[in-house]
Amino acid sequence: MLKRKPYRILSWVIVLALILSNFIGVNGSQTVKADRTTISNEEFQKIKTASNVSASTDRVFDFIGITDFHGQLLDSTGTKQIGAALARVVKDVKASNPDRTLIVGGGDFYQGTPVSNVLHGVPVQKMMTNIGMDATALGNHEFDWGLKTIDEETMNGAGYSIVCANMYNKVTNKRKYNPYKIFTRDGVKIAVIGAILKEAPTIILPANTKDYNFKDVATEVNSAAKEIRENNLADIVVATIHDGGDSLNNIVPKLSGVDVVFGGHNHASLDTVIKDSDGKNVPTVNAKAKGQGYVDLKVTLKADKTLSFSTGNFKPLTVKDSTPLDPEVKAIVDKSNEDLKPIFDEVIGTTTKALTKNQTDQPFGESQLGNWMSDVIKNYANADVGMQNNGGIRLSPIPAGNITVGTIFYLMPFDNTICTATMTGTQLKVLLEQAVQDNGKGIQISGIKFVYDSTKPSYKPAVLDTAGNIVTPEVPGQRVIKILREKDNSVIKDSDVLKVAAPDFMATGGDTFTEFSVPEIKATFKDSLHTVRDALLEDVRTKKTITVVMNNRVDNQTAISPAQEMTIAQARAQKSGTVTLTGTVSTVNGKNIFMQEDVSGTNYGICVYNSAKASVNKGDKIKVTGPLTEYKGLLEITPASVDNVKVISKGNTIVPKLVTIDEINETLEGQLIKLKNVTLTSINNTASSTLQDETGTISIYKMPALTNIAVNDKVDVVAAVSQFSTSPKLDDGYQLSVGTAADISKAQVAVTGITLNKTNITLEPTKTEQLVAAVTPENAANKKVIWKSDNEAVATVDETGMVKAIGSGIANIKAISEDGNFEASCRVTVTAPIAVKGIQLNKKLLFLKNGESETLIATVLPKDATNKKVSWKSSNTSVATVDENGKVTVNITSKLLLIGTAKITATTDDGKYKAEAIVTAAKVPVLGVFLNKKKATIKVGESDTLVAKILPHNATNKNVTWKSDNEKVAVVSENGEVKALSTGTAKITVATVDGSFKDSCNIKVIAANTTPVTGVRIDKKFLTLKNGQSKTLTAIITPDEATNKNVIWKSSNTSIATVDENGKVTANITSKLLFVGFVKITATTVDGNYEAETIITVLK
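Going letter by letter, the sequence shown gives residues 1 to 1100 in full-length UniProt numbering.
Just so you know, the hints here were simulated from the structure itself, not pulled from any lab data.
EDC-like cross-link-like pairs, simulated, lysine to aspartate or glutamate; straight-line CA separation at most 20 Å:
hint : residue 1 : residue 2
1    : K935      : D999
2    : K174      : D151
3    : K1080     : D339
Make the full structure from the sequences, and use the hints.
As structure tokens, then:
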């Protein structure tokens, strides 16, 4: 008996651990922060020592990249779960490689959708935490609410952190965030360095960046990498940089000591390799934006400590109704939308046609949405001029149909306020020159019209050094020809004084509108504290629609000079001037017409911007006269009228040039090309679709609707090479332009080989085996296979690949592809039966909780034995049972037994060999019970059901008893159903059979003719008040005939706003540092304790 005591003690320890594991989480990962400004030298040395890696085998890691999510938990229709779909695929990758997965963010996670904006990105943070985000770069849109909000609200409770090496406090010259963070994955130290584009202050509200210096990205990342390498802190170094396009491509060649670069910012996919300053190949990837995909870069750390990397790393994601979702993230999204969705779904107007932000002129012109927003800003401020920056128009198109509150939030997600300033006509001209400068942002205006000539010398801003000293002075622009008042077309004189209204982002110098910062203009600056979004909402609510006035407010009229006739090749070299060109039309896509000189596809091409709407078709040979301009890197000729386009002949055919994606460059711009057998990785009929081959990726802008072609299909594409670049060098945005859906066809892929799932099999006579043939490539057009046996006396094979053994000997089974006659063979050996010699189990001990299961695996020896049939048996079925497949299930039935054991025996059919495993089973006791209600009110004759929750959730005995302490008033059934008998009170108590734990609910029974409260709502869900302002809220009780309509009012933060007993709310921000506050006002009914809430925004 004494010998059994240690086992009993061990069993009790196991039971205790199993019970505690229901309440105590175990953290299986460790992150180490390595920043010499924040950790001790002792800790630093520990990291340094820990990073020595030695392994005899290769290790493969998954580096997942997500960037520019912009709050896209749901799509713009509010019906598709973008966040939950993305979480599902990322978690699947992580589950397949749990100890070797790192998840990196590229910034701009939170700002961009109504729900995320109102909740300051918290649900997005919870999503990223849930999927296991490790670290993220800082994005420029993280500044929209101010970094204080990001740090204290958005990132509160986050499971990941922000890293940024190149942003410093101007006063302390210290980094605001750690430059890098170090993680351990399967014993390997991985450093993640963060950075943000150096030009960030030019696209951020100046007030939100005034305290920081943004230093050169490459210099600061290299400094951090050097510290990591020299101190042996990590084995792999990753940089996540919120920058993209040509800017990122220019950073990577300057890096040293970095193994992988994740980009962001430009909303484009990128999957390439760039040599760094040491000549090392660095994978450089970008995961597009808004949940449209992610990067899964597989990094192999070899035994010799060298690295290799996968290709095809960008994984596009198109969310459909059938797309699998992650339930945990879906719950986060649903919860965040629970209260806000009805508010955003409120219909406030309609529009009979779709409205866009597409500009009517190039490079800059007016737009429908831009004109309307500028009109609203001007009218609200009662100004002479209204302005709206193009980058602030975030939704296009607004589709025909209902306009909701959410529509306006998507259109203007920023909390920009309407500001005014006074300026002269001369100063206004400078501001407009800044709008139409080379690589400028353009502008949307109201109250004025202006004419400019994009061929004239451009405004150039002053160049400053890091100390703020002028290195190169400002160069005035000469493009703005005249400025007119819109109401009467009168010319605005230099000395005229005008009141100008604009969003605070522009009015404080954002988007390079630095003229607003001139001291005499700045002195007149006034902030209305009224948001642009609120003004837009008020305008739609009043007019029940969006009223658009198009008046050619921004007009590019290039100076007409004598046309010089030349070839397209000469025009591409000259790039400016008025010319006459002749070519054959290869593609017509809206206003863009592409023509080239030689129909063989070997000569130069150009885009004709057909704003004149000349009638031109594919195959026409045309002569065009007009000025040459460059729009976003695309060289264009723009005829002034239809008279400047002459059709010479029709029906010509152009032979496209066959290329791969990496061969598309400036030389091919404007030409017709053909891509064969490329993968269509995403489809977007209003924006960019993506193609991918082994050499790279490229987008098709505004893909036509396709029939019988889907995402991930292999296609052949005929298209003209276009460009839409965002970098100063204008060479990072090559894209394709197709004329019709017929230009995209499914690729007819030929068979290149065939393989079998098995190359050798051994069978007994009469036994069968299924062979499976795999034709490559997977998308081959003809996958038909012919099966043959070279010795049917030994083995035969049918048309499906099923092999049947006939007699002893050897036969070769061949699978032959009909397309190409590729062959694969399997050697079949038919032999006599092999006897069983023994049996083994994969485990000798099992420890399971009551109700749990685990499958034992029996191995029959020898492994090639003929009869591997096994029977299973339990010695004590009151403790554990076992099925025919070895699945052991614990089922302790005794009330007194908490621990039990059973012996599981596996016996071979051939030879009756046995193997055993001992199962130790533990029954989990009840630790508590809770009711779903603490009190309830019921009318006489009616019923209510109480629900009891047992803890822990896996307790063995969940049986309970119910009791009423006053059965004259109320009785309770065995299912918790309470029936009211007479007026009065009664206490209903539930008790667990196991442990006698109890909880109770106080029942109040009222007369049948009494009408109880069933709910309450407040007449306003959202309310904006200025500090000191008051507004009375009204609580609306349901039903209207309720007996007791008394309510209790409460404020969640009386330092922002108070509320009295009558619902009167008074804004009262007391903090000197707080200028905007949010507070929740709650109304609670006395009868039933029902609650309703209103969110108050207080502006100081």
